Every structure is written in structure tokens, then in C-alpha cells.
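Colleague: Since the structure of chain A is already known, use the hints to place chain B on it.
2 protein chains.
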Amino acid sequence: MSLIVQKFGGTSVRDAERVMNVARIVTDTFAQGNDVVVVVSAQGDTTDDLIAKAEEINPKASRREKDMLLAAGEQISIALLAMAIEKLGYHATSLLGWQAGFETSSAHTSARIRRVNVERIREALDKKNIVVVAGFQGISRRGDITTLGRGGSDTSAVAIAAAMHADLCQIYTDVEGVYTADPRKVENAKKLKEISYDEMLELATLGAQVLNNRSVEMAKKYSIELEVLSSLAKASGTIVKEKTKMEKMLISGVAKDTDVARISVIGVPNIPGIAFKMFSKLSAKDINVDIILQSIGHDGKKDISFTVAKSRGKEAVAALEDYMVSHGAKEVLYDDEVAKISIVGAGMESHAGVATKMFEALYDAQINIQMISTSEIKVSVLIDINDADKAVKAIHSKFFD
Amino acid sequence: MSLIVQKFGGTSVRDAERVMNVARIVTDTFAQGNDVVVVVSAQGDTTDDLIAKAEEINPKASRREKDMLLAAGEQISIALLAMAIEKLGYHATSLLGWQAGFETSSAHTSARIRRVNVERIREALDKKNIVVVAGFQGISRRGDITTLGRGGSDTSAVAIAAAMHADLCQIYTDVEGVYTADPRKVENAKKLKEISYDEMLELATLGAQVLNNRSVEMAKKYSIELEVLSSLAKASGTIVKEKTKMEKMLISGVAKDTDVARISVIGVPNIPGIAFKMFSKLSAKDINVDIILQSIGHDGKKDISFTVAKSRGKEAVAALEDYMVSHGAKEVLYDDEVAKISIVGAGMESHAGVATKMFEALYDAQINIQMISTSEIKVSVLIDINDADKAVKAIHSKFFD
Numbered sequence: 001m002s003l004i005v006q007k008f009g010g011t012s013v014r015d016a017e018r019v020m021n022v023a024r025i026v027t028d029t030f031a032q033g034n035d036v037v038v039v040v041s042a043q044g045d046t047t048d049d050l051i052a053k054a055e056e057i058n059p060k061a062s063r064r065e066k067d068m069l070l071a072a073g074e075q076i077s078i079a080l081l082a083m084a085i086e087k088l089g090y091h092a093t094s095l096l097g098w099q100a101g102f103e104t105s106s107a108h109t110s111a112r113i114r115r116v117n118v119e120r121i122r123e124a125l126d127k128k129n130i131v132v133v134a135g136f137q138g139i140s141r142r143g144d145i146t147t148l149g150r151g152g153s154d155t156s157a158v159a160i161a162a163a164m165h166a167d168l169c170q171i172y173t174d175v176e177g178v179y180t181a182d183p184r185k186v187e188n189a190k191k192l193k194e195i196s197y198d199e200m201l202e203l204a205t206l207g208a209q210v211l212n213n214r215s216v217e218m219a220k221k222y223s224i225e226l227e228v229l230s231s232l233a234k235a236s237g238t239i240v241k242e243k244t245k246m247e248k249m250l251i252s253g254v255a256k257d258t259d260v261a262r263i264s265v266i267g268v269p270n271i272p273g274i275a276f277k278m279f280s281k282l283s284a285k286d287i288n289v290d291i292i293l294q295s296i297g298h299d300g301k302k303d304i305s306f307t308v309a310k311s312r313g314k315e316a317v318a319a320l321e322d323y324m325v326s327h328g329a330k331e332v333l334y335d336d337e338v339a340k341i342s343i344v345g346a347g348m349e350s351h352a353g354v355a356t357k358m359f360e361a362l363y364d365a366q367i368n369i370q371m372i373s374t375s376e377i378k379v380s381v382l383i384d385i386n387d388a389d390k391a392v393k394a395i396h397s398k399f400f401d
Numbered sequence: 001m002s003l004i005v006q007k008f009g010g011t012s013v014r015d016a017e018r019v020m021n022v023a024r025i026v027t028d029t030f031a032q033g034n035d036v037v038v039v040v041s042a043q044g045d046t047t048d049d050l051i052a053k054a055e056e057i058n059p060k061a062s063r064r065e066k067d068m069l070l071a072a073g074e075q076i077s078i079a080l081l082a083m084a085i086e087k088l089g090y091h092a093t094s095l096l097g098w099q100a101g102f103e104t105s106s107a108h109t110s111a112r113i114r115r116v117n118v119e120r121i122r123e124a125l126d127k128k129n130i131v132v133v134a135g136f137q138g139i140s141r142r143g144d145i146t147t148l149g150r151g152g153s154d155t156s157a158v159a160i161a162a163a164m165h166a167d168l169c170q171i172y173t174d175v176e177g178v179y180t181a182d183p184r185k186v187e188n189a190k191k192l193k194e195i196s197y198d199e200m201l202e203l204a205t206l207g208a209q210v211l212n213n214r215s216v217e218m219a220k221k222y223s224i225e226l227e228v229l230s231s232l233a234k235a236s237g238t239i240v241k242e243k244t245k246m247e248k249m250l251i252s253g254v255a256k257d258t259d260v261a262r263i264s265v266i267g268v269p270n271i272p273g274i275a276f277k278m279f280s281k282l283s284a285k286d287i288n289v290d291i292i293l294q295s296i297g298h299d300g301k302k303d304i305s306f307t308v309a310k311s312r313g314k315e316a317v318a319a320l321e322d323y324m325v326s327h328g329a330k331e332v333l334y335d336d337e338v339a340k341i342s343i344v345g346a347g348m349e350s351h352a353g354v355a356t357k358m359f360e361a362l363y364d365a366q367i368n369i370q371m372i373s374t375s376e377i378k379v380s381v382l383i384d385i386n387d388a389d390k391a392v393k394a395i396h397s398k399f400f401d
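Going line by line, the protein sequences match chains A and B. Quick note, the first sequence lines up with residues 1 to 401 if you use the working numbering. Quick note, the second sequence lines up with residues 1 to 401 if you use the working numbering.
Next comes chain A alone, as it looks inside the complex (with noise of 0.2 Å):
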């Protein structure tokens, strides 16, 4: 006998038939004799019916209150769903974030999960009852509900694999697994069996997002291993792991990501320290920069060049032209038509050449690369947004025809 967390998310439940779908699944993976604790997501559109519903009223809510209110979305679900599990004849107990044990940071919003006491599982699963935990929600020390954040249910789901010791924790999705590649773009991309937690968190920050982060890093750290696979589909989808048998292939996938802007400073002077100023005025207004590609000095001057999420694209400039141009830089200039390419594997840390393929790809297609990053299992072009898609398919075919 096993224990198994699965996880559904807010599409998987989003109406009655769906939840019915998902209490099948859970049901037969009772029936195979496995104890289960289910963690499901707010159905559907709710999290986005509520957020208007407090926009109308109130856009600078605070966020205690918007935690109570979004709280109440995984409390319809998980009621929902343990009554379709009764439905098909089985125990079910449905519990809020707070009675499955869900003790966090009181950072409201983006609470971080503290400990997870199971007791009030694991005596649910002793009566022989499926567990439907809410996700996304726990509670402060100071006895308040708090929400975790976008993902958040991923990342409960995870935490409850940790404490339990479970032998695997399923992430059910709209996907049937992890991709090569979008494969609503190319063609022939393939799904994988195995992927390392690594490889899931360079895929995860590069835009394909089939898992969040922090649950990925939760898993890694814990040795859980996770299943992502389709609550639509019959099929086995990917297990992600610390050691995968894949790691022969030079790389796993290959993944866009077009939410990205670049900001170049012209003529910045060469004076110790100026990259330093000039990057913590954006970490004081908590944006993250992504590639940093500088120039080579010369007369004096250098160039930088950066990348930001598109969202904060625009204030990262305002927050950067005075300062820059006043102490001395030319100007700053700004270009979110682009797209992040990359290709993510572990096999690249022991093969050569890798970087070299993706090059190779692009020039064959005749793309123009203005930017690369590089780290151990992961290299990133940045190139012309309405290149992206024909970058991924010359690459995705360099690499996997």
C-alpha cells in the first residue's frame, strides 16, 4: 500500500463534470489500495469571479482581507469534490488549509508554508477516508487565513508529500506531461518520460510552466518525487526526479518565453561601481533582471544591456533614465518586441558543443541573436518576438529529428 497526493487544478474541477472526472480518478486510486490525500485548486474562473468582486469595492483591500476572501474558493471545491467521492461510494473528508495543518508566515498574500501538521490527515486516512485538502490556503500564528501565492497549490500539494513521507505526489493538469516543446506549436515534440528537478526549474523560470517553482524546489529538496501528468487524458505523463536514465540526451526541451523586455544604457562611463548603482536602484524597487550582457569599454564608455519581465519594462526605465543620463550615460533605450529562447539540459554540463547546435540552428534559419546567457544545464538567446516560433522549431528539429 502506498501514499499518494494528487493534485487537481482549478480547470481540472471547474465544473460538475469535471469534478466527477476528478473523483473517479481519486477513487480509483483508492480502489488500487493506496491511501490518498487529494489537494485541489479553487474551481475554474472563482479566484478571478472573487479578485473582481473586491476590485469593485475596494482595488486597495488589504491583503488580509483579500486572503479571507480567496480562501473561500478551494472551500467550495474541496466540499464539491468530497461530495462526488460519496457520491461514488467512498469516505471522503474535505479539510480547509488550517485543519489539514497549514501553519505560515503571516505574509499575507505570499505566505511561505512554515510546517504542515498532518495529524488531522493522517487520522482521516486511518477511518479508511480520501482526504481533500484545500490548497493554496493556511493560517498565521496569529489564527488568520493566508494564501500562498500564485501556485500555491502545487506547492501545498508538495509540502503534504514531504511530511507524509509519500511515495509519489501526482500534479494533474491541463498537459499530459512535460514537452521538448510547446507542442501546440511544433509538431513533432515528444513528451518526456523522465526530467530532474533542475531541468524543471530552468523549464519552469524559462516559460514553458507546467510546474511552479517553489514546488519543484520543494520536491527536489524533500527527494519527492512528482508526476505531472492530464486529469483528461488515460496516459502517464512525466516524472520529474533527481537522477533521470534521460541524461544521456543532450537536452530535454526547448521553451520561449515572450514576457520579457530588453533595456540597453548607452554610454554609460567606465567608473568602478556604476553597474552596482545602476542595478540596485531596480532591486530596491524588487525587479528582477535576467540576462546582463555588458559591453567592452572603450573611449571610457560601455554599454549595458538587460532584461526585465515585460511588466515591469516600463518602470524599470523610469527608474533607471534621470539617474543614468545624469551621471553621465548617453540614453537608455527600450525594445520589449523580443523573445527568450532556450534550451535546458543536464547532458550539457558533459557534452560539448551544445551551445554551438542552438547557434547553428539559428543561423540556418537565418534568426538574428542579440543577447546569450549561458549556466550548467541551460542556453538562453534572446532574439526578435516574431522570430520566436520559427527559432523553436528549427532548434526543436536540430536537436530532436
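Keep in mind that the hints were calculated from the coordinates and are not lab data. It cannot be assumed that every hint is accurate.
Each pair may be met inside one copy or between any two copies, as identical chains are not told apart.
Simulated crosslink set (PhoX-like; lysine-lysine; CA at most 25 Å straight-line) [claimed, not checked]:
1) K185 - K234
2) K128 - K60
3) K314 - K281
4) K53 - K66
5) K190 - K277
Note that the structure is predicted; figures quoted are calculated from it, not measured.
Modeller: What follows is chain B alone, placed relative to chain A:
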């Protein structure tokens, strides 16, 4: 400085505009130097919508899961009201039933309040917060979410008022107070300034449901002064308290109840214990009997007539028919085209002829009386449902014009 508990029902908070309206009432009361605890129901049709979702999935869902589902309704409304209060520049703290200290029995969907630990409410009041409490809900000793059943939010409000020795408990609703008759039907119906707990209790059971009975009983027990008033009209409402100045008035109101059915068992053998056996069949099914009329027996036979709620009528007949007929009764007749018209007033006790005056009004209007029932402060008659409105007008004008 006074402590005032204010309760708002679902229609009072049904949309953003109404929520802001409630926030204005609440903050005005606070700005006048009072401590304010607000108890709110779920918005407008939320509860019905949630029930519909549950019905679609599993009409026979466990009561525990029904409570889990329904309690989400008030969670949404307390968060929205707190946000609206913040919008007006005041501090608000929303609290769920369990956070507000509502310990209840574990009778899901109709739990009884055991006690209210008001520490968290008091703590928030001490910090000059307006406290917004989810009505209708609590927590059992096992840590499960419970709900109090119909009208539960009124009871929640009175329970807080009792536990905190509040100076006043205001029940805001969509009528302006308690009237001498239904103001939509009877033109010159008058709003009462005051009414006693006992009169209010009789009116509530008689279909003039302004306040939930449990809440009035609790208010009486703890001598909590209630005020029934409208959240839309800026007018004082009706005060419900022990002794009223109005007791000199003969009656305080005329009420109509059309949720009633008459059952007559004809030709019951005149032997001891037969009535007991008959009514115990009904109480076994939890069917409440209201008016009972027994004819004087002759030829060893008698007729027994009684009324039940219309929704339980057919069930009552089914429970009795075979048994009574096989024990010698001739037949069981059923009629749900009836209405119960009642007059209520503490003044009756000391004034003879009140019932006579009522019967005279009905006689003048040529309305036939089928059954009569009296208590110390009430006279009820059963008549044809088609005469109901005419009867109310005739009686009202006899006493009040």
C-alpha cells in the same frame, strides 16, 4: 460609549453597492463613538447557488460537506464588507465563525451554539477595529465547520450581543420593522415602535417572519434589546424587549400563514390512546402538528382534525392512512387550500372579548371559520386560502381603524 451588534441579511449585502451602503451604516455607528460588531449573512443568492452546485453533484451529500460548502458564502461577504469599511477609511477585521469563537454542537446543518469565546472579537475592538463576523456558522468540538440552519445569522448576532453584554442588537432587514399586518397587503398597516419578546415569538411562528425564533428566544433569555430596521430606509425600526409601553394595545398585529395543510381523520373509534398513537406516528417522522380539533364523539366514533406545514402534508397522510383505516377509522381527508390567520397581543390576557371581536370581523366579511386555536396572547383561525387577504384586512380594520 456603547457596544452595538448589527446584523445584515443576504439582500442587504447582495452586490457591491449594497455592501458599500452597509459599510456606511456601520462606520456611521462607529464614528458616533460606539464599538461595533457586525454580523453578516452570505450575499443575495450565494447560498442558493452553492446548494445548486451541490445538488448537481450529489443530492445526498453528507451534512458535514454541506456545511463546509455553505460556510464559504459568509466568508465571501465578511471579506467584502471589511474591504468596504477599509475603503471608507476605517480599520476592519473580518472573522469566520470559528475565529469569532462560535463553539457549536456537531449537528451539521442545524448546529446549536454552545458558547461564544469572544476574546478575539474583544481584542480587535480594543484596537479600534470594526469587527465583521460571519453569521450562521461555527465549529464543533472535533474542529469541523458547522452551520446553524435557517435564520442562523440572527442567532449569531444575538449570541454575540449576549456574550459581550451589548447595549443593543440591531437586526437590519428589508422591511422597516414589525407591522400590525403585512404592509404590502394592508394599506393602513402601522409600524410598531415596540413589541414584547413573546408577541414577537408568536408572530414569527405565524408566518410574519421578521426575526428567526431561536434568536428571539435567546434575546429574551439574556434580556438583549433587539431593534428590527431596514438597511435602506433611514428610519428607526421596531424595538423588541421584555416590557413594552404598547401593552395597553389590544393586539400588536394580524398575521397570515399559508404554509399550512389540514388533515382530518374521520370516524376514529372512541377508545383511549388512539389519539396518542396517531400523533406519535407523526412525531416519529419529526412532523410538527399545530392546531388540533377533536369532535365530541357519538356512536363510539369521533373526528380528529389537525394542521401541519404544507411541505409535510402528503407525508403526514401517508404516515397515518393505513394505520388509522386498519384501526377502524373511516377515511383521512387532506386539504392544503387553507390559511391560518392570527392576532397576537400581550393585551389580550387582560382584555375579554378580543377573540369575539376577531370572529365578528370575519362574520361581517362572510368568511367561514374551519378551526380555532387560542393561547394567552394569540387567537388563530383556519379559513379557506382564497379568503386569506380579505380576512387580514377585515380583522386589521376592526382593531386598528
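Colleague: With 25 Å as the alpha-carbon cut-off, assign the pair K314 and K281 to within, between, both or neither.
Modeller: within (14 Å within a copy, 77 Å between copies)
Colleague: Regarding K190 and K277, is the shortest C-alpha distance of 25 Å or less found within a copy, between copies, in both, or in neither?
Modeller: neither (45 Å within a copy, 75 Å between copies)
Colleague: At most 25 Å between C-alpha atoms: does K185 with K234 qualify within a copy, between copies, both, or neither?
Modeller: Cα proximity of K185 and K234: one copy only (23 Å, versus 62 Å across).
Colleague: Between the shortest in-copy and the shortest cross-copy C-alpha distance, which are at most 25 Å for K128 and K60: within, between, both, or neither?
Modeller: Intra 45 Å, inter 20 Å, cutoff 25 Å: inter-copy only.
Colleague: Reference check for the pair K53 and K66, CA-CA at most 25 Å: within, between, both, or neither?
Modeller: Answer is both: 11 Å inside a copy and 24 Å across each meet the 25 Å cutoff.
Comparing the model with each numbered hint stated earlier shows that hint 5 is the single one that does not hold.
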